[in-house]
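Protein sequences, first through last, are from chains A and B.
So that you can map any letter, position 355 of the first sequence is 355 in our numbering, and since no number is skipped, the others follow by simple counting.
So that you can map any letter, position 97 of the second sequence is 1097 in our numbering, and since no number is skipped, the others follow by simple counting.
Calculated directly from the structure, the hints in this document are not laboratory data.
Hints should not be assumed to be uniformly reliable.
[Claimed, not checked] Which stretches of chain A does chain B cover? Using the computed rule of at least three CB atoms under 8 Å from a CB of chain B, they are:
1) 69–78
2) 319–332
3) 337–344
[Claimed, not checked] Straight-line Cα separation of at most 27 Å, DSS-like style, residue types lysine-lysine; simulated pairs:
4) B:K1106 <-> B:K1075
5) B:K1008 <-> B:K1075
6) B:K1017 <-> B:K1075
7) A:K79 <-> B:K1055
8) B:K1071 <-> B:K1033
9) A:K14 <-> B:K1008
10) A:K84 <-> A:K106
11) B:K1055 <-> A:K14
12) B:K1041 <-> A:K63
13) B:K1033 <-> B:K1075
14) A:K78 <-> B:K1033
15) A:K14 <-> A:K79
16) B:K1032 <-> B:K1071
17) A:K63 <-> B:K1033
18) A:K63 <-> A:K79
19) A:K63 <-> B:K1071
20) B:K1041 <-> A:K14
21) A:K84 <-> B:K1071
22) B:K1008 <-> B:K1032
23) B:K1008 <-> A:K84
24) B:K1055 <-> A:K63
25) B:K1008 <-> A:K63
26) B:K1008 <-> B:K1043
27) A:K63 <-> B:K1043
[Claimed, not checked] Pairwise CB distance ranges, derived in the manner of DEER restraints:
28) B:L1006 <-> A:Y88: 15 to 25 Å
29) A:L125 <-> B:T1063: 39 to 49 Å
30) B:T1102 <-> A:Y10: 45 to 55 Å
31) B:E1093 <-> A:D50: 42 to 52 Å
32) A:Y88 <-> B:F1097: 38 to 48 Å
33) A:Y88 <-> B:E1093: 38 to 48 Å
34) B:D1096 <-> A:Q81: 18 to 28 Å
35) A:M83 <-> B:T1082: 18 to 28 Å
36) A:A3 <-> B:E1093: 39 to 49 Å
37) A:Q81 <-> B:T1082: 46 to 56 Å
38) B:E1093 <-> A:G171: 48 to 58 Å
39) B:K1071 <-> A:E41: 13 to 23 Å
Every residue gets a Cβ at the ideal spot worked out from N, C-alpha and C, and that includes glycine.
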Amino acid sequence: MIAAAIDDNYGRIKVDLISRGLTCDRLIDDLLDHVCCMVEEDMNAGSDFDSSYDRVLESIGEKQLYEIQHQTLLLLDKKFQRMKNFTYLFGLSSALIAIVGAFFKKMHWPGAGILITVGIALVVLVFLPLYFIVNYREQTEKKNPIYAIVGYLTMALLLAAALFKIQHWPGAGHMIEIGLGFLIIGFIPLYVVNVFQRGGKEKISLPYVAMLLVGISIVMLFTNVNMSKYLLDTYMKESVSNEARVEATRERTAHLMEMFRDSAHADNLQTVTLIHEKARSLQIMIAEMQEGMIAHIKQPGVSIEQVRRIDNRGAGREAIVDTGSGGEFAQAAIGYREMLEEMINDPVTLSQIEDHLEFTGKVWPHEYGARDVANGPLMKNYYKLTDASKGIALSEYVTISYLLHH
Amino acid sequence: MIANDLLKGTLRTIVLKLLADNGRMYGYEITKKVEELSTGKIKLTFGALYPVLHKLEADGHITTETEYIGKRVRKYYTLTETGRSWTEQRVDEFFDFVTTLTYVLKPTPA
């Protein structure tokens, strides 16, 4: 009696199951039999076919059959399973390379840069795309490639920004800004919407959120390690005191020059004026570079003590290195030193000049050359310029005073 | 009810062991048997069952034979030779695991 009722409706049940997304023959047989058994059992309790069948369909729901088929096919897809295993293994090993690189960097061992670059490049170019593809293919409901694409872009940008930051490649700042933008207005809202759409069927995956937070914190850390606050403050203090000393030295030099006009050495006045003009022009170049850096961070005309972003790392590159004014200044400063050295015969005075103009020597550019200027924070570059300015002022004073007495 | 995350990973062993003890079985029968043996504590949904069955079949641990029940086809699953020895291993492994867990979770007072 019951078996007959089911047989009569066999065609209808099959059509219903197929209309719910079942397409795979091997599963249709299994599930058809299973559903019939469920109906049979329900009818055994005394219902008629129609009401039993409705209850069974209700309990199955709209999406479950398709989901079963999807999971089964993925499990059977050897290529997909291999790809999935490969993805996780690959992610693990590339992350490991990057972490070892970070450790090397901390220990100042050679090869850190290469390890970090290779590790992060592998994560960004191989692991992340695979991860989001696997993730996307495993989903059955609310399949939306935008989620995967935005997710990929966010992670890739943030990681690449971290890499650029560590390697001091240009553009890191913008990448971080764009990456964080993606994260805040793209990825997180999409993620929340996605979770709600699944109706809490899947709990918000904790590892995923944890990974996200770790990622954000790493990027935040990178942006903060620019230079310690203490060091920046020290540079600031020294800069201000250097500037005061330049001012004091200039007054003394002006006084010396007054004496010169009245002295018996008045015939040397032309030489002294030349020295003074050269020193002035060097100091103007310095002032221009300093103003250029401050203008770069969009606070033109502000004094160094009022600058808000003294840790900015793009200013020196832009205002000193890229414009070529740094190189020009170095050349001019060497010419200035050579000119002074020619006028002096006394070895003690010569070594004083050499000390004051140390930054024009051969050792100094190695310690603090264009590369360091380009990578250094604004405050450090500013300090170095005040130091040079002080050297120029003192060497000017020493030379003029020497000429006055000989 | 036993929590799903505890069952994860043992589902395959349960299916294999049932087939080893009962010879051939069909899907619905397996879910009923699990419910009966666990006195209702384990609810094996067909959503979890069929992917596992098909994976086991693809890996050569079980085979199917079909029979007609009225108009519909019923698929019976049976262990293969390799499946049989594999089942023994998995069951042994599982008891080993349970024993170990018992040691860890219920240490005997010294």
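Now for the hints, and whether the structure bears them out:
1. 69–78: holds (count 4)
2. 319–332: violated (count 0)
3. 337–344: Our answer is that it is violated, as 0 residues pass the Cβ test (under 8 Å) against chain B, missing three.
4. B:K1106 <-> B:K1075: Not satisfied, since the Cα-Cα distance of roughly 43 Å exceeds 27 Å.
5. B:K1008 <-> B:K1075: The hint holds at about 25 Å.
6. B:K1017 <-> B:K1075: holds, 18 Å
7. A:K79 <-> B:K1055: Cα-Cα ~14 Å, so holds.
8. B:K1071 <-> B:K1033: holds, 25 Å
9. A:K14 <-> B:K1008: Not satisfied, since the Cα-Cα distance of roughly 31 Å exceeds 27 Å.
10. A:K84 <-> A:K106: Violated - the C-alpha atoms of A:K106 and A:K84 are around 33 Å apart, more than 27 Å.
11. B:K1055 <-> A:K14: Since the Cα atoms of B:K1055 and A:K14 sit roughly 24 Å apart, the hinted pair holds (cutoff 27 Å).
12. B:K1041 <-> A:K63: Since the Cα atoms of B:K1041 and A:K63 sit roughly 25 Å apart, the hinted pair holds (cutoff 27 Å).
13. B:K1033 <-> B:K1075: OK: B:K1033 and B:K1075 at ~16 Å, within 27 Å.
14. A:K78 <-> B:K1033: Distance ~31 Å between A:K78 and B:K1033 Cα, so the pair is violated.
15. A:K14 <-> A:K79: violated, 31 Å
16. B:K1032 <-> B:K1071: holds, 23 Å
17. A:K63 <-> B:K1033: holds, 26 Å
18. A:K63 <-> A:K79: holds, 25 Å
19. A:K63 <-> B:K1071: holds, 26 Å
20. B:K1041 <-> A:K14: Given pair B:K1041, A:K14 is violated - Cα atoms ~31 Å apart, limit 27 Å.
21. A:K84 <-> B:K1071: Cα-Cα ~40 Å, so violated.
22. B:K1008 <-> B:K1032: This hinted pair holds, its Cα atoms lying about 19 Å apart.
23. B:K1008 <-> A:K84: holds, 19 Å
24. B:K1055 <-> A:K63: holds, 21 Å
25. B:K1008 <-> A:K63: holds, 22 Å
26. B:K1008 <-> B:K1043: This hinted pair holds, its Cα atoms lying about 13 Å apart.
27. A:K63 <-> B:K1043: Holds, because 20 Å separates the two Cα atoms, which is no more than 27 Å.
28. B:L1006 <-> A:Y88: 15 to 25 Å: Given a distance of about 23 Å, which is inside 15 to 25 Å, the answer is holds.
29. A:L125 <-> B:T1063: 39 to 49 Å: Holds, since A:L125 and B:T1063 (Cβ atoms, about 44 Å apart) stay within the stated range.
30. B:T1102 <-> A:Y10: 45 to 55 Å: holds, 49 Å
31. B:E1093 <-> A:D50: 42 to 52 Å: The hint (42 to 52 Å, Cβ to Cβ) holds, given that B:E1093 and A:D50 are roughly 48 Å apart.
32. A:Y88 <-> B:F1097: 38 to 48 Å: For B:F1097 against A:Y88, whose Cβ atoms are near 23 Å apart, the range 38 to 48 Å is violated.
33. A:Y88 <-> B:E1093: 38 to 48 Å: violated, 23 Å
34. B:D1096 <-> A:Q81: 18 to 28 Å: At roughly 27 Å between Cβ atoms, A:Q81 and B:D1096 fall inside 18 to 28 Å, so the hint holds.
35. A:M83 <-> B:T1082: 18 to 28 Å: Since the Cβ atoms of A:M83 and B:T1082 sit about 26 Å apart, the hinted range of 18 to 28 Å holds.
36. A:A3 <-> B:E1093: 39 to 49 Å: holds, 42 Å
37. A:Q81 <-> B:T1082: 46 to 56 Å: violated, 19 Å
38. B:E1093 <-> A:G171: 48 to 58 Å: Holds: the Cβ-Cβ distance is about 53 Å, inside 48 to 58 Å.
39. B:K1071 <-> A:E41: 13 to 23 Å: Given about 19 Å between the Cβ atoms, the range holds.
Checked against the numbered hints above, the structure breaks hints 2, 3, 4, 9, 10, 14, 15, 20, 21, 32, 33 and 37 and satisfies the rest.
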